[in-house]
Structures are given as C-alpha cells and as structure tokens.
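Chemist: If you want the building blocks of each chain, they are given just below.
Number of protein chains: 2
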Amino acid sequence: MEDLKLGIDLGGTKILAVIADKNNNIIARAKAKTKFKLGPDAICEQMKKLSDEICSKAEISFDAISAIGIAVPSSIDPETGECLHAPNLGWKNQPIKKTLEKVFGREIYLQNDVNCGTYAEFRLGAASGFSNVVGYFVGTGLGGGIILNGKLVKGIRGSAGELGHEKICFGGRKCGCGARGCLEAYCSKTAFAKRLHKEIEKKKRKSVISKLIGKDADRLKSSSIARALEQEDKLVKEVVSEGFEALGVAIANITSILAPECIVIGGGVVEALGKQIMPMIWKGYEKNVFAINPDDVQIRLSKLGDDAVPLGAALNAEKKGDI
Amino acid sequence: MEDLKLGIDLGGTKILAVIADKNNNIIARAKAKTKFKLGPDAICEQMKKLSDEICSKAEISFDAISAIGIAVPSSIDPETGECLHAPNLGWKNQPIKKTLEKVFGREIYLQNDVNCGTYAEFRLGAASGFSNVVGYFVGTGLGGGIILNGKLVKGIRGSAGELGHEKICFGGRKCGCGARGCLEAYCSKTAFAKRLHKEIEKKKRKSVISKLIGKDADRLKSSSIARALEQEDKLVKEVVSEGFEALGVAIANITSILAPECIVIGGGVVEALGKQIMPMIWKGYEKNVFAINPDDVQIRLSKLGDDAVPLGAALNAEKKGDI
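Keeping their order, the protein sequence lines are chains Z and Y. In terms of my numbering, the numbers along the first sequence are unbroken and rise by one, the last being 323. In terms of my numbering, the numbers along the second sequence are unbroken and rise by one, the last being 323.
Only chain Z is shown next, with the shape it has when bound in the complex (with noise of 0.2 Å):
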C-alpha cells in the first residue's frame, strides 16, 4: 500500500487516530485517554505509542506512512506550523511540533482541531461540492473554521475561526474565556450544564438528569442531554433549545460577513442530538438573517463525525500544511 497517511486529533480527554488510503478511505482507527495531567513531552510519546499501535491494527509498518498531521485545540502559528495557545491542554508557546518530530523522527503538520474538522467536511463530507463553507463544532465548547475558495482562513496569529468568542450578545452572560455575550456561553455544554445547574440548584427545577448535573460540563455526557431530549425532560428542552437558537443567530451573522454557500454543524453534541437542533437552529437563523432567502445558505450537519478532525488533519499533512 502506498500514500497512507495517519492523522491525530489530540484532545483534552481523548487521542484518535486513523490511517487513509490515497482515495482517502480510512482503513484503521485508534484511540487513547490523554494522560493529560503528565505534561507535553509525555503527551507526544503516547501519540508516538498510539501510531505504533494502528500501524499494526493495519499491518502496516510506520514507514509505509507518507504523511503525519496532528489536531490540537490550540491556535498555530501560520509561518512556523508551532501550538501557540491551547487552553484546554494548558498550553501556552508550548514548542510541540519540534518535540513531536524528534519523538516520531519525521515531519509532522499541526492545525487547530476545528479547522481540520471544518476542511474535512469541505473536502470530504457535507460540504464536499462548495467552495465556501463555515463550520461550527459544539462540544465541551464551541469552535469554528472557514474555508473561503477552497482555503482555509488562517488570520494573524491563526487565530481566525474562533467563532465560540463572537459576541452575539454584548453584556450578555458570562463565557469562561472573561468576556460576556459569547456564542458558547449560550451553546456548548459547557453553556448547557452552567444553566441546567442554575435552574435546578437555585430555582428548584425538575429534571431528570437532576443527578448528573455539577456546574462544569465534565459531569454532563453529551448522551445524557439526548436521553433527556428523548424523555421529553422541558427543562433540558429549554436549554438546548436556547442554546442551539443563538447558534442560529450567530449563522445568520455569518450570512451577512461572508455570504458562505454551505455551514456544517459538528462536534460531540451535535453528534448526540443530531437533526432535532435543525428546528432550533433555524428558527434563530431565519429570523435575523439578512438581504439573502434564508434558504440561499445549505445548512447541513456533519458527515464524517468523529473521523472529521483527525481526517483533516491527515489532509492537511499531505498538503504540507497549505489548506
């Protein structure tokens, strides 16, 4: 077999990664929980562990790989391809692409996680077919990427895309970056378990998952919210509700800036739902989207689901970086 090529989306929780042929199907997975607490170095020498691993799921030998790509939340230096912030994993300036190519001996490309997921769905998945596509992943919290004319939207520092930090509510609640009115103060889980925790602590609300709700998002499983969806739970309906009716708000917005032709919605909670947000979505969006039909825009969930980021992180290693 040749042009295989591995990609790695390193999370805060979890690593995974899979091999694709040149036709990009992907012929093996593999995953691991990210032994977070044991710092950077060791962090890189379990994506090298992991690697080993799906090359012999595969039956491949690791030279058989042309291209390594790596997914971190974090954002990356357009001119060096080096981490320069990842909160999640407390980084900071963290040099992980040198460590990284000194432990797995070979060049490896670095994007941030949602940009990969983003130009995966462009290249491969929902959006495959239109050139200009936004995309919104709502997870723990919620991140964004834009592909104008094929190219992914770096922006100085490579910081364009963080669509969770928009404010599409000045003065509004309190988002855990310190500034108030952000998207994913409204829709992420983080978002959901905060005002689940609120309604049901200090107002004394019902709801089935009374139990699991702590004020962090670390409690809250993505499942949970859809079995409480599926028991008709009206408290954890508001919540979502709400929630995924600001992210229509804030793809209304994104129709006035860039007038894209396709936005994909992805990511842990989106995955879970899945097309019952559409409604919720819509009613946000249709309501304050402007000189365009609403309908002008495709507005379709992901495709390739959890393969999307370290997919696109592949993808962006076999272009050497230059999505």
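Read the hints as simulated data drawn from the structure, not as lab findings. Don't take each hint at face value.
Unchecked claim - Just so you have them, the derived chain Y footprint on chain Z, three or more residues with Cβ under 8 Å: (1) 103-112; (2) 175-181; (3) 243-257; (4) 309-318.
Unchecked claim - SDA-like cross-link-like pairs, simulated, lysine to any residue; straight-line CA separation at most 20 Å: (5) Y:Lys287 x Z:Arg173; (6) Y:Lys151 x Z:Ser131; (7) Z:Lys31 x Z:Glu2; (8) Y:Lys14 x Y:Gly268; (9) Z:Lys174 x Y:Lys283; (10) Y:Lys287 x Z:Gly172; (11) Y:Lys151 x Z:Glu261; (12) Z:Lys283 x Y:Arg173; (13) Z:Lys174 x Y:Thr99; (14) Y:Lys92 x Z:Pro294; (15) Z:Lys287 x Y:Lys174; (16) Y:Lys92 x Z:Lys319; (17) Z:Lys151 x Y:Asn149; (18) Y:Lys37 x Y:Thr99; (19) Y:Lys174 x Z:Gly171; (20) Z:Lys319 x Z:Gly171; (21) Z:Lys287 x Y:Lys151; (22) Y:Lys287 x Z:Cys177; (23) Y:Lys174 x Z:Glu286; (24) Y:Lys283 x Z:Gly171; (25) Z:Lys92 x Y:Pro294; (26) Y:Lys151 x Z:Asp322; (27) Z:Lys174 x Y:Gly171; (28) Y:Lys287 x Z:Arg157; (29) Y:Lys151 x Z:Gly150; (30) Y:Lys151 x Z:Phe130.
Every value quoted in this text rests on a predicted model; they were computed, and no experiment measured them. Ideal placement from N, C-alpha and C gives every residue a C-beta, glycine not left out.
Since the structure of chain Z is already known, use the hints to place chain Y on it.
Modeler: Okay, now just chain Y, sitting in the frame of chain Z:
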C-alpha cells in the same frame, strides 16, 4: 493623457464623480444631487450628464476615458454584475447596468459602494500594504467590505460584507431591517437620531441639538453631531460613545472570525467626528477581543475620505470587475 478612469458614487442624496489617471491620482471631481424621485432611467441620464461635465472640467474628451465604474448602495450579482437590491434607492432587481450601458454606450462595471470604499482604502489608503482588510463605513446606515488575500469577498448573491446587520445583541434594539440587535441599530446616524429623539422627547433630557433632532436621520447632520461634541454636550457624547463602543464589539468579533491585519473606519459620520471616536471604539474592542493582543490588529481611520467610494469604483472598472 492615457488610461484615465471614471468612478461614480451613486448615493441616495448625492452623486460624486472622480477621474483618476493611471497612477490613481484624481485629476477632477464633480457632484450633483440625486434626482431620486425621477426614477432609475432619469438617474442614469443624470450620471451621464455629470460625466460630460467632469470631462469638460478636466478638459478631456469622453473618449479619453478607458474604464467606467459605478458604486451603488446595493448588492451586486457576482455572475451578471447587475444591481440586485438597493433599498435606499427603492430598487429591487433593477437592471440598471443594462440601462447605463445604453446611455453611456460603453461597458459599465457596478459594485457595492462600501465594497468600493474598502477596496480603495486597501489599494491606496489607510490599509495599503496589507492583504487582509475589513472596512466599516458609518453614515446614515452602516456598511462594510472584506478583502482577503487581496481580493474582495463577494459571497452568494454578492451579499457578503453586510456588517451593519450583524447581531451584536440579539433581541436588542430594533433595526430598520426589521430584525433586532443589528450593529446598525447602535452605530449609524439613524441610530443616533432615534436614540437622541427618544431621550429628548420622552425623557425630557437637554441637549444643544434639541431643535435639530427628529426621529429620522435626514434631519440630523454629521456636522451637527460634531459641533455638539465640541460643545461637550453630555447627551450627544453618551449616545455617540455607546454607538462606537458597539462598533468596537463588532471589530472584536471580526478579529475572532477572520483575524484580519487591518480594520479601516470611514464614512460621513467618521469624517465629521475624526479621531475622537478611536477611544470609544477601543473601549468595546479591547475588552472583547479573544486570542490575540489588541495591538496585533491595526485599527485606522479612512485616509481617502469622500474619494474612497468613487475611486474604488474606478479601480473596479480598471480591473473589469475582478477585484
């Protein structure tokens, strides 16, 4: 003289024309009041008459002009180059390009007025030397333009850059477009006039411009706002500060979305008020910016003033609409 180009800025109240030479120096200017009520055909004739006037002013024959561009307050179909929707002129799908080409007997290139203004500032003005630029033009309304990798972002149906209708506060102040919380509902002459009218009429607050103020922006001149600020009028200062602080929030948003190198602020209100608006903008910007240092992005006032829009129209014609 060779390679002369004509640029016309068709506004709801006035028409500005410039002729520029091959080095983009302006060699003549002319203006007229828009004969708004006479309808599109008469306005096209009026623009031809103004073109003849400016040519005789510059002592050249009309044939010496090699490119003609017109900036209109409308989205422009990227396929046909035709005017799609110009609410300030009351036009919808008005085939003005066809009419103009009949009247002028020449090829005419149309582009949105604020896109033209942003493009001129990027090529020749405050943002020259940068490749990624966003322009905000504050006048009766608020319009925007986006340049990425040196090219204008047009979007589907030419509707990118409608930055006045980004919701910075969903559910907030009512905008002329029917939605709520648009930037234009906070930062524009219309927004200032509405707000001042409310404070003076309903809350009986005092201001030096009490006599000048009606519900609509037409009665309030940018120069009156400037004079009130000079006289340290408390109410006007409050309203204007709040408006430009909101623009600062929108600028923080665009840095989270596109992370451009340079932001240009222009338009009639900005021309009249000058650099005193910068600390107001900075207040909203600084506390809402994410992932970059506030100083990483250059925020600059327009350099070309009233020439920006017609000059951009001329540059668009020179490039045969491919800007």
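Chemist: Now tell me, hint by hint, if it's right for this structure.
Modeler: Hint-by-hint comparison with the structure:
1. 103-112: Contact hint for the segment 103-112 of chain Z vs chain Y: violated, 0 residues under 8 Å.
2. 175-181: With 3 residues close enough to chain Y, the hint holds.
3. 243-257: holds (count 8)
4. 309-318: Since 0 is below three, the answer is violated.
5. Y:Lys287 x Z:Arg173: Holds - the C-alpha atoms of Arg173 (chain Z) and Lys287 (chain Y) are around 14 Å apart, at most 20 Å.
6. Y:Lys151 x Z:Ser131: holds, 15 Å
7. Z:Lys31 x Z:Glu2: Violated, at about 23 Å.
8. Y:Lys14 x Y:Gly268: Between Lys14 (chain Y) and Gly268 (chain Y) the Cα gap is close to 12 Å, so the pair holds against 20 Å.
9. Z:Lys174 x Y:Lys283: Given that 20 Å is the threshold and the Cα spacing comes to 18 Å, the pair holds.
10. Y:Lys287 x Z:Gly172: holds, 13 Å
11. Y:Lys151 x Z:Glu261: Satisfied, since the Cα-Cα distance of roughly 18 Å is no more than 20 Å.
12. Z:Lys283 x Y:Arg173: Holds: Lys283 (chain Z) and Arg173 (chain Y) sit about 19 Å apart, inside 20 Å.
13. Z:Lys174 x Y:Thr99: Given that 20 Å is the threshold and the Cα spacing comes to 53 Å, the pair is violated.
14. Y:Lys92 x Z:Pro294: holds, 18 Å
15. Z:Lys287 x Y:Lys174: holds, 13 Å
16. Y:Lys92 x Z:Lys319: Violated, because 44 Å separates the two Cα atoms, which is more than 20 Å.
17. Z:Lys151 x Y:Asn149: holds, 11 Å
18. Y:Lys37 x Y:Thr99: holds, 17 Å
19. Y:Lys174 x Z:Gly171: holds, 17 Å
20. Z:Lys319 x Z:Gly171: violated, 42 Å
21. Z:Lys287 x Y:Lys151: At roughly 30 Å apart (the allowed maximum being 20 Å), Lys151 (chain Y) and Lys287 (chain Z) break the hint.
22. Y:Lys287 x Z:Cys177: holds, 11 Å
23. Y:Lys174 x Z:Glu286: Status holds; Cα separation ~16 Å.
24. Y:Lys283 x Z:Gly171: At roughly 13 Å apart (the allowed maximum being 20 Å), Gly171 (chain Z) and Lys283 (chain Y) satisfy the hint.
25. Z:Lys92 x Y:Pro294: holds, 18 Å
26. Y:Lys151 x Z:Asp322: holds, 19 Å
27. Z:Lys174 x Y:Gly171: holds, 17 Å
28. Y:Lys287 x Z:Arg157: Within the cut-off at roughly 19 Å; holds.
29. Y:Lys151 x Z:Gly150: The given pair, whose Cα atoms are some 14 Å apart, holds under the 20 Å limit.
30. Y:Lys151 x Z:Phe130: Since the Cα atoms of Lys151 (chain Y) and Phe130 (chain Z) sit roughly 19 Å apart, the hinted pair holds (cutoff 20 Å).
Checked against the numbered hints given earlier, this structure breaks hints 1, 4, 7, 13, 16, 20 and 21; the rest are met.
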